[in-house]
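Engineer: Next come the chains, spelled out residue by residue.
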Amino acid sequence: MRTELCGIELEHPIINASGTFDAIAARRAFGDAVLERFPFSAYVSKTITPAPRTGNPPPRLWEEPAGMVNSIGLPNKGLDGFMDGDLPALAELPVPLIVSVMATSAEEFAPLVESVAGRAEVAALELNVSCPNVHSGLIVGEEPGETAALMTALRPLTAKPLIVKLTPNVAEPAAVAIAAEQGGADAVSLINTIKAAPALADGTPWLGAGSGGLSGPAVRSIALKQVADVAAAIEIPVIGMGGVERGVHAAALLGAGAAAVAVGTASFRDPLAAARIRAELEALAVDSPAPSGTA
Amino acid sequence: MSGAADNGRTAPGADGGRVTAPFGRRRSEVVANEESGGYRIVTALDPAGPPPAAGQFYMLTAERGWGGDGERPFLPRAFSVAAAQPGADGVRLSFLLEDVGPGTHRLAELEPGEGLHLTGPLGRPFSPPRELNPDAAGAILVGGGIGLAPLAIWRRTLAGRGIPERSLLGFRDREHSGGLELFRCSEVRLASEDGHAGHRGYVTDLLAQMLAGDSAATAVVYACGPPAMLEAVRALCEERGVTAELAMESPMACGYGACFGCAVPVRSGGYIRLCVDGPVLLAADIESALVAGAGHR
Numbered sequence: 001m002r003t004e005l006c007g008i009e010l011e012h013p014i015i016n017a018s019g020t021f022d023a024i025a026a027r028r029a030f031g032d033a034v035l036e037r038f039p040f041s042a043y044v045s046k047t048i049t050p051a052p053r054t055g056n057p058p059p060r061l062w063e064e065p066a067g068m069v070n071s072i073g074l075p076n077k078g079l080d081g082f083m084d085g086d087l088p089a090l091a092e093l094p095v096p097l098i099v100s101v102m103a104t105s106a107e108e109f110a111p112l113v114e115s116v117a118g119r120a121e122v123a124a125l126e127l128n129v130s131c132p133n134v135h136s137g138l139i140v141g142e143e144p145g146e147t148a149a150l151m152t153a154l155r156p157l158t159a160k161p162l163i164v165k166l167t168p169n170v171a172e173p174a175a176v177a178i179a180a181e182q183g184g185a186d187a188v189s190l191i192n193t194i195k196a197a198p199a200l201a202d203g204t205p206w207l208g209a210g211s212g213g214l215s216g217p218a219v220r221s222i223a224l225k226q227v228a229d230v231a232a233a234i235e236i237p238v239i240g241m242g243g244v245e246r247g248v249h250a251a252a253l254l255g256a257g258a259a260a261v262a263v264g265t266a267s268f269r270d271p272l273a274a275a276r277i278r279a280e281l282e283a284l285a286v287d288s289p290a291p292s293g294t295a
Numbered sequence: 296m297s298g299a300a301d302n303g304r305t306a307p308g309a310d311g312g313r314v315t316a317p318f319g320r321r322r323s324e325v326v327a328n329e330e331s332g333g334y335r336i337v338t339a340l341d342p343a344g345p346p347p348a349a350g351q352f353y354m355l356t357a358e359r360g361w362g363g364d365g366e367r368p369f370l371p372r373a374f375s376v377a378a379a380q381p382g383a384d385g386v387r388l389s390f391l392l393e394d395v396g397p398g399t400h401r402l403a404e405l406e407p408g409e410g411l412h413l414t415g416p417l418g419r420p421f422s423p424p425r426e427l428n429p430d431a432a433g434a435i436l437v438g439g440g441i442g443l444a445p446l447a448i449w450r451r452t453l454a455g456r457g458i459p460e461r462s463l464l465g466f467r468d469r470e471h472s473g474g475l476e477l478f479r480c481s482e483v484r485l486a487s488e489d490g491h492a493g494h495r496g497y498v499t500d501l502l503a504q505m506l507a508g509d510s511a512a513t514a515v516v517y518a519c520g521p522p523a524m525l526e527a528v529r530a531l532c533e534e535r536g537v538t539a540e541l542a543m544e545s546p547m548a549c550g551y552g553a554c555f556g557c558a559v560p561v562r563s564g565g566y567i568r569l570c571v572d573g574p575v576l577l578a579a580d581i582e583s584a585l586v587a588g589a590g591h592r
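The listed protein sequences correspond, in order, to chains P and L.
Residue 1 is where the first sequence starts when you use my numbering, and the numbers rise one by one after that.
Residue 296 is where the second sequence starts when you use my numbering, and the numbers rise one by one after that.
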């Protein structure tokens with residue numbers, strides 16, 4: 001099931017969701033088997049910010065009946081730490097590398113995008129826009145105008161594909177997707193987690209940061225709706241994700257118009273969940289006609 | 296591949312002694328599930344994994360009845376391995392658990408012949424006494440409740456290497472006092488809060504007595520138990536200048552560094568991920584063993 005995404009050749013349509021598989025930590029736990037049996041056809045890094053971040057205070061996790069709420073807070077080494085410490089290790093992965101980046105303004109985003117895109121090891125960038133613009137106070141990915149303005153500023157900086165990670169926490173994700181496309185995005189990916197705030201019986205917030213985002217099977221049909229809406233509204237490719245645990249779930253997202261599918265929370269339950277999902281998807285494709293959007 | 300903390304600083308400890316796991320989750324078969332003083336000792340035959348190092352853990356998921364009915368549990372549960380017996384057909388892994396929440400409840404009712412998915416062994420194991428303190432005369436093991444599990448396998452490892460060890464185990468009451476059979480053939484002193492066995496009071500009382508009699512210069516302490524007990528051990532060892540390693544717990548979704556959920560603050564700044572930089576931490580590397588969220592079911 002070879003797939004092409006913004007000019008990047010993928011061996012199959014299953015990639016990882018940003019922040020749900022740390023390939024470097026996985027090699028500490030599982031050794032070089034991670035390279036030999038890498039389950040994703042492209043690797044999306046955890047989000048990199050200009051300066052290092054320690055992340056949110058614990059507790060950071062909450063289990064739900066069909067999923068989990070996380071409030072991690074984007075811990076990362078910052079741009080310099082990533083370029084020196086992580087990029088050489090990630091370049092050893094046997095698949096194209098997509099680096100997720102986030103900043104709080106176009107001026108802050110620009111050096112991040114230029115530095116990361118300037119490295120030959122990097123095939124594409126994913127823009128995490130679920131962060132407030134320090135100038136306007138608005139969450140960039142929740143506002144079509146903010147998204148278009150950011151894309152207009154960043155588009156001239158690189159010829160490499162720019163993928164905009166859309167938030168589900170808006171009334172019309174398609175409106176933001178259209179803005180991203182008009183601003184020059186090469187693809188969009190969705191859904192990110194859904195805002196959630198688990199609490200104890202007395203109403204006390206459980207998470208150290210107060211609230212977080214829901215993922216897992218609980219969000220699957222929400223993802224299907226949003227992916228279908230977005231895919232119908234734009235011409236550029238859509239990377240679909242949300243609650244994918246089985247091959248049929250991936251097939252449904254491809255059928256809804258996604259060009260590739262990302263696996264996230266399922267990898268927490270089984271580090272090789274994506275390999276199983278791919279195998280199940282390929283078995284489905286043998287049994288029935290390929291859904292649109294796959295080669 | 297470095298052992299760097301989330302924020303880029305160097306994590307405490309090294310990767311020395313860590314046994315790497317087969318990539319992915321695999322099926323084992325439950326061969327025994329025994330009641331033990333209010334706890335359960337669940338033993339499974341792992342046909343494909345390497346024997347673990349003491350202090351490492353596994354992520355466990357029952358093959359059936361785990362998230363399939365739209366109810367919790369959804370995520371796997373992390374358990375330190377309490378015993379590992381290699382044989383011709385695989386490694387028999389024993390886990391000590393208490394039925395306190397949806398995950399442990401499902402695990403506690405597993406019957407022989409049922410499937411148990413596991414990922415592991417994972418994490419950083421205990422360090423030999425002489426690596427922690429060149430003048431170490433032996434090891435003092437301090438366990439509380441089901442926290443005795445990793446100390447049981449560590450005791451056997453130490454005994455196999457001819458390293459002297461003394462064990463101090465504390466329990467809340469008779470209904471929470473299992474797993475002692477994992478310590479057979481060992482010199483053990485007991486404490487219980489209800490006085491049903493050994494010293495009436497805390498296991499840390501016994502530790503304080505032992506450290507008062509010992510030279511701190513030759514002692515090394517290994518501890519695992521509830522957060523309040525671990526914090527008492529940490530504070531006592533810091534006060535006496537005794538080197539200690541603590542096997543800790545924190546809520547975690549994955550066990551292999553992917554979810555970043557098991558953050559524990561460290562003295563060097565920021566957080567480490569307990570699953571890959573622990574679960575065994577050098578006591579001197581943390582301000583407190585009272586991890587936010589630990590013990591939640």
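I should point out that these hints are in silico values taken from the structure, not numbers from a laboratory.
These figures come from a predicted structure and were not determined experimentally.
We put the beta carbon where it would ideally sit given N, CA and C, even for glycine.
Any given hint could be a false lead.
Restraint ranges, calculated between C-beta atoms of paired labels, are given here [what the hints assert, rightly or not]:
hint : chain 1 : residue 1 : chain 2 : residue 2 : range
1    : L       : A403      : P       : G203      : 26 to 34 Å
2    : L       : G396      : P       : T204      : 50 to 58 Å
3    : L       : S583      : P       : N169      : 29 to 37 Å
4    : P       : E36       : L       : G382      : 35 to 43 Å
5    : P       : R37       : L       : Q380      : 27 to 35 Å
6    : P       : R155      : L       : E404      : 23 to 31 Å
7    : L       : R479      : P       : G203      : 21 to 29 Å
8    : P       : S211      : L       : H400      : 52 to 60 Å
Engineer: It remains to establish, for every hint, whether it holds in the given structure.
Structural biologist: Against the structure, the hints:
{"no.": "1", "hint": "L/A403 to P/G203: 26 to 34 Å", "in the structure": "holds, 31 Å"}
{"no.": "2", "hint": "L/G396 to P/T204: 50 to 58 Å", "in the structure": "violated, 18 Å"}
{"no.": "3", "hint": "L/S583 to P/N169: 29 to 37 Å", "in the structure": "holds, 35 Å"}
{"no.": "4", "hint": "P/E36 to L/G382: 35 to 43 Å", "in the structure": "violated, 28 Å"}
{"no.": "5", "hint": "P/R37 to L/Q380: 27 to 35 Å", "in the structure": "holds, 28 Å"}
{"no.": "6", "hint": "P/R155 to L/E404: 23 to 31 Å", "in the structure": "violated, 57 Å"}
{"no.": "7", "hint": "L/R479 to P/G203: 21 to 29 Å", "in the structure": "violated, 48 Å"}
{"no.": "8", "hint": "P/S211 to L/H400: 52 to 60 Å", "in the structure": "violated, 28 Å"}
In summary, the structure is inconsistent with hints 2, 4, 6, 7, 8 from the numbered list given earlier, while agreeing with the others.
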